[in-house]
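Please work from the sequences and hints to get the whole structure.
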Amino acid sequence: MFYPELQEIIEGEVVEAVGFGVFIGMGPMDGLLHVSQITDDFISYDAKNARLVTKNGGKSIGEGDHVRARIVAVSINEREPKESKIGLTMRQTALGKLQWLEEARRKKQPQEAQSEGTA
Numbered sequence: 001m002f003y004p005e006l007q008e009i010i011e012g013e014v015v016e017a018v019g020f021g022v023f024i025g026m027g028p029m030d031g032l033l034h035v036s037q038i039t040d041d042f043i044s045y046d047a048k049n050a051r052l053v054t055k056n057g058g059k060s061i062g063e064g065d066h067v068r069a070r071i072v073a074v075s076i077n078e079r080e081p082k083e084s085k086i087g088l089t090m091r092q093t094a095l096g097k098l099q100w101l102e103e104a105r106r107k108k109q110p111q112e113a114q115s116e117g118t119a
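Once you know that position 86 of the sequence shown is 86 in full-length UniProt numbering, the rest is easy, because the numbers rise by one and skip nothing.
Source of the hints: derived by calculation from the structure; they are not laboratory data. Please read all numbers here as calculations on a predicted model, not as lab measurements. Check each hint, because a few of them may be wrong.
Said to hold, decoys possible - Below, simulated EDC-like cross-link-like pairs (lysine to aspartate or glutamate); rule was C-alpha separation at most 20 Å, straight line: (1) Lys59 - Glu16; (2) Lys55 - Glu103; (3) Lys48 - Glu103; (4) Lys55 - Asp41; (5) Lys55 - Asp40; (6) Lys82 - Glu5; (7) Lys55 - Asp65; (8) Lys82 - Glu16; (9) Lys85 - Glu8; (10) Lys59 - Glu80; (11) Lys59 - Asp41; (12) Lys59 - Asp40; (13) Lys85 - Glu11; (14) Lys59 - Glu102; (15) Lys59 - Glu11; (16) Lys48 - Asp65; (17) Lys59 - Glu13; (18) Lys48 - Glu5; (19) Lys59 - Glu103.
What the hints assert, rightly or not - Beta-carbon label-pair distances, calculated as ranges: (20) Tyr3 - Lys108: 32 to 42 Å; (21) Ile76 - Val15: 30 to 40 Å; (22) Arg105 - Gln7: 20 to 30 Å; (23) Glu78 - Gln109: 44 to 54 Å; (24) Asn77 - His34: 32 to 42 Å; (25) Ile76 - Gln99: 29 to 39 Å; (26) Ser75 - Gln109: 37 to 47 Å; (27) Leu101 - Ser75: 21 to 31 Å.
Glycine included, each C-beta is placed from N, C-alpha and C at the ideal position.
Set out below in structure tokens:
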């Protein structure tokens, strides 16, 4: 049986976006990624597109997006596993929507190559 552990890093897919956060599918269970744990930027809910959108960064997250997150709270209900609660965060280095992480890596690569060429 899958048993999530505190501080474990997981990768999963957003299965639902709601006004207070997104639910991340991770194996047989879903975890909640609250809006306060997604990014430092202000986030609003776009009900028409069922996505959470950042105010300044132009980023969004919604159903089907893939993320890397850390488990910060676990409450397992062994009698009713679907009633278990798992809290997640992406507000740490190397965590976030995989697309955001890839974009950040690409931005960093040319800067590193440039600084190596001038040294």
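Hints and how they fare:
The straight-line distance between the Cα atoms of lysine 59 and glutamate 16 is roughly 17 Å, inside the 20 Å bound, and the hint therefore holds. Straight-line distance between C-alpha atoms of lysine 55 and glutamate 103 comes to about 18 Å, which keeps the hinted pair within the 20 Å bound. For a cut-off of 20 Å, the pair hint linking lysine 48 to glutamate 103 is broken: about 26 Å separates their Cα positions. Restraint check for lysine 55 and aspartate 41: satisfied, since their Cα atoms lie roughly 7 Å apart, inside the 20 Å limit.
Proposed proximity of lysine 55 and aspartate 40 is supported: the alpha carbons are some 10 Å apart, at most 20 Å. The straight-line distance between the Cα atoms of lysine 82 and glutamate 5 is roughly 17 Å, inside the 20 Å bound, and the hint therefore holds. A C-alpha spacing of about 19 Å is found between lysine 55 and aspartate 65, which places the hinted pair at or below 20 Å, so the restraint holds. For a cut-off of 20 Å, the pair hint linking lysine 82 to glutamate 16 stands: about 15 Å separates their Cα positions.
A threshold of 20 Å between alpha carbons decides the hint, and for lysine 85 with glutamate 8 the separation of about 15 Å falls inside it, so the pair holds. Distance restraint check for lysine 59 and glutamate 80: the Cα-Cα separation of roughly 35 Å exceeds the 20 Å cut-off, and the hinted pair is therefore not satisfied. For the given pair, lysine 59 sits about 10 Å from aspartate 41 by alpha-carbon distance, which is consistent with the 20 Å threshold. A C-alpha spacing of about 12 Å is found between lysine 59 and aspartate 40, which places the hinted pair at or below 20 Å, so the restraint holds.
With a C-alpha separation of about 17 Å, the suggested pairing of lysine 85 with glutamate 11 holds against the 20 Å cut-off. A distance of roughly 13 Å separates the Cα atoms of lysine 59 and glutamate 102; the hinted pair therefore holds under the 20 Å criterion. Under the criterion of a C-alpha separation no larger than 20 Å, the hint pairing lysine 59 with glutamate 11 is consistent with the structure, at around 19 Å. The straight-line distance between the Cα atoms of lysine 48 and aspartate 65 is roughly 17 Å, inside the 20 Å bound, and the hint therefore holds.
At roughly 17 Å between alpha-carbon atoms, lysine 59 and glutamate 13 fall within 20 Å of each other, so this suggested pair holds. Under the criterion of a C-alpha separation no larger than 20 Å, the hint pairing lysine 48 with glutamate 5 is inconsistent with the structure, at around 35 Å. With a CA separation close to 11 Å, the supplied pair lysine 59 and glutamate 103 stays within the 20 Å bound. A beta carbon spacing of about 35 Å between tyrosine 3 and lysine 108 agrees with the range 32 to 42 Å that was offered as a hint.
One distance hint, 30 to 40 Å for the beta-carbon pair isoleucine 76 and valine 15, is violated here, with the actual separation near 19 Å. In this structure, arginine 105 and glutamine 7 meet the distance hint of 20 to 30 Å, their C-beta atoms being roughly 23 Å apart. Under the hint 44 to 54 Å, the C-beta atoms of glutamate 78 and glutamine 109, about 46 Å apart, fit the expected range. Checking the proposed 32 to 42 Å range against asparagine 77 and histidine 34 shows it is violated: the Cβ atoms sit about 20 Å from each other.
At about 31 Å, the beta-carbon gap between isoleucine 76 and glutamine 99 stays in the expected band of 29 to 39 Å. Checked against the hint of 37 to 47 Å, the C-beta distance between serine 75 and glutamine 109 comes to roughly 41 Å, which is consistent with it. In this structure the supplied range 21 to 31 Å holds for leucine 101 paired with serine 75, their Cβ-Cβ distance being about 28 Å.
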